[in-house]
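Those protein sequences? They're chains P and S, same order as listed.
Per our numbering, the very first residue in the first sequence carries number 2; after that it's consecutive.
Per our numbering, the very first residue in the second sequence carries number 324; after that it's consecutive.
Errors might be hidden in some of the hints.
Quick look at which bits of chain S chain P covers, simulated, 3 or more residues with Cβ under 8 Å [to be verified]:
hint, stretch
1, 377-386
2, 403-414
3, 417-425
4, 442-450
5, 458-464
FYI, nobody ran anything at the bench for these hints, they're computed from the structure.
For clarity, every value in this text was computed on a predicted model and none was experimentally measured.
From the three backbone atoms N, C-alpha and C, an ideal C-beta is built for every residue, glycine too.
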Amino acid sequence: MYKYDQYDQAMVDARVEEFRDQTRRRIAGEMNDDQFKPLRLKNGLYLQLHAYMLRVAIPYGTLNSRQLRKLAEIARKYDRGYGHFTTRQNLQYHWIKLEEAPDILAELATVEMHAIQTSGESIRNISADQYAGAAADEICDPRPWAELLRQATTFHPEFSYLPRKFKIAVISSKEDRAALRWHDCALRIVRNEAGEEGFEVYAGGGMGRTPFIAYKIRDFCPASHIFSYIQAILRVWNLHARRDNIHKQRMKILVHDLGEEEFRRQVEEEFQNFLTLGTDFPQAEYDRIAAYFTPPPFETGLSEDIDRSDSAFALWVDQQVIAHKAPGYAIANISLKPIGGIGGDVTAEQMEVVADLAERYSFDDVRVTHAQNLVLPHVRKADLYAVWQALDEAGLADANLDLVTDVIACPGLDYCTLANARSIPVAQKIQQRFADMDRQLDLGELKIKISGCINACGHHHAGHIGILGVDRKGTENYQLLLGGSGAEDTTQAKITGPGFDEDGVVDAVERAVERYRELRDPGERFLDTYRRVGFDAFKEAIYG
Amino acid sequence: MADALRFRNDDPIEEPAVSLDAFLDQDGASAVRIEAGDDPRRLIPHLARVKLVEIGIPRFRDGRCFTSARILREAGYEGEIRAEGDVLVDLVAFMRRCGFDSFAPQAGLNRADVDAALSRYANVYQHAADGAVPIWKLRHG
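Whole structure, please, built from the sequences with the hints as guidance.
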């Protein structure tokens with residue numbers, strides 16, 4: 002895992018003091034909230050319905066146990082004893098006092114963490130494949146590039162007051178676990194015919210009220226010039242984006258307005274300009290960073306056997322455990338979706354349990370997924386039972402990864418000022434409706450994603466089944482969408498028709514699911530059946 | 324210009340800045356004003372006669388000015404680049420990095436606050452137009 006040197010540490014320490022000064026000026030009345038807002042947003046501090054919310058960056062979703070324990074300590078000391086993992090691999094505290102925010106940042110800085118650029122019109126925290134360094138199908142660990150780009154885009158002077166937010170994701174495998182093409186700029190590490198490493202670059206994706214799937218803007222960008230290429234993209238957008246309507250300022254809108262070819266042409270022209278400026282980081286810096294991500298000392302000669310005599314454990318293994326690149330090891334997913342709980346929420350005590358397990362069994366490594374779950378990426382198969390027992394004791398042993406109850410939901414109207422409807426109760430009701438484990442297993446992979454407003458933090462556009470909460474004449478109303486995907490087969494979900502009330506939408510989900518059971522061919526997922534038979538068969542089931 | 328903050332040693336330009344279109348229409352002007360939304364590259368063929376580029380900042384959240392200034396510096400322009408408009412102290416460090424070297428803020432700025440903002444960060448992660456040495460270079464010599 003990356004380790005700060007004196008320069009990185011000085012940077013976050015200076016940021017703490019800068020934010021302390023900005024907060025002091027706000028509290029003293031030297032600034033109004035209009036002036037303070039963009040400054041606090043650059044540091045992940047939102048004013049929500051009941052309190053301030055602080056979003057902490059978890060670069061490329063990687064944590065060590067010391068950091069996770071600090072997050073637990075902050076939850077206890079400054080919040081209500083829990084935190085919430087988000088769809089961009091970050092952590093949010095929802096009950097923060099403004100005057101304490103600088104102290105929290107100071108605490109984070111002691112474990113090499115920060116909240117820099119986790120909100121506002123800036124280059125956001127960079128997300129990555131949660132199985133990086135462990136996945137059997139990756140070309141290389143994408144995190145050195147994510148860390149290099151984290152540094153390159155931190156306090157970038159030209160791109161700190163962008164038209165809107167700008168989200169980057171990096172993966173290096175064919176399977177997409179990071180919702181790649183739903184990002185403004187998406188990078189997939191590939192090798193060209195000469196065997197050189199580079200990036201397949203996608204641009205112009207994003208959810209929100211006007212969803213677009215990113216298009217491939219370049220087949221191959223040499224790895225050493227990726228920062229130039231990203232700066233070229235940013236500059237074209239920064240110069241030419243609309244500035245008159247906040248809803249039309251994301252890069253996806255400019256790409257759409259200019260057309261993919263013209264946008265590409267302008268970016269290429271600007272790229273040639275950047276190549277003359279010498280702004281790319283040298284190989285030596287990449288090598289320095291990559292040295293922190295060398296694989297942990299995996300033992301050899303380990304047994305591949307897993308004792309499945311405990312049936313509850315065997316079920317958990319089948320659902321939560323994924324193949325690892327090293328023999329004798331496995332990737333263990335930790336569900337944060339207990340039936341009737343709040344998806345992504347973790348108590349301080351649970352964070353500490355996971356931190357202990359990471360330290361003891363996973364080379365001190367924990368990952369956060371965009372589906373709001375956690376991962377122990379490097380567990381010996383022989384240790385899985387002990388890990389499961391400890392998780393079970395902490396209420397973290399649900400076996401529902403990618404099943405119907407593994408619902409993604411935004412905080413919704415329970416917390417968020419932007420929301421039109423609550424998301425959490427709908428997610429809970431769906432979980433309760435489908436709680437029976439045999440039924441979940443029978444339905445197989447089924448990704449339900451719920452957003453409480455059109456900003457789409459709950460990724461409803463990418464749900465096999467998506468739910469969008471809207472305000473209909475003062476009451477909460479839920480639209481149902483079908484056929485989305487955030488994986489390598491990215492598609493945008495389609496709205497089925499008129500909305501439902503809270504219970505009605507749960508019934509509608511069940512009707513869609515039952516129609517799938519009637520129509521499916523052996524081995525087909527919900528999404529496969531939907532794609533094969535088409536929208537109308539499902540619409541008919543939902544509306545009769 | 325009494326309230327302006329300048330980071331240059333030469334004499335202030337007294338000539339009023341004309342609009343980009345007016346500048347391109349005549350040969351005599353040496354001070355030009357670029358509004359947010361103007362293409363700064365239209366000025367590049369004429370930089371030899373430019374002594375002052377004033378860049379208008381209608382709202383401090385409008386970040387086009389950063390790109391405009393940096394493009395002019397990339398083209399080799401060494402004259403004054405002045406930020407005029409909604410300039411907050413929290414923007415000044417980024418503006419300096421992008422090539423601005425004078426400031427005419429609507430609301431006025433406290434020089435001590437500006438100096439504090441400019442000295443807040445000892446180092447920077449990336450190249451820009453100010454010649455600051457990026458951290459990767461400090462690491463590798």
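Hints and how they fare:
1. 377-386: Answer holds; 4 residues pass the 8 Å Cβ test.
2. 403-414: Since 3 is at least three, the answer is holds.
3. 417-425: Check passed, 4 qualifying residues.
4. 442-450: holds (count 8)
5. 458-464: holds (count 5)
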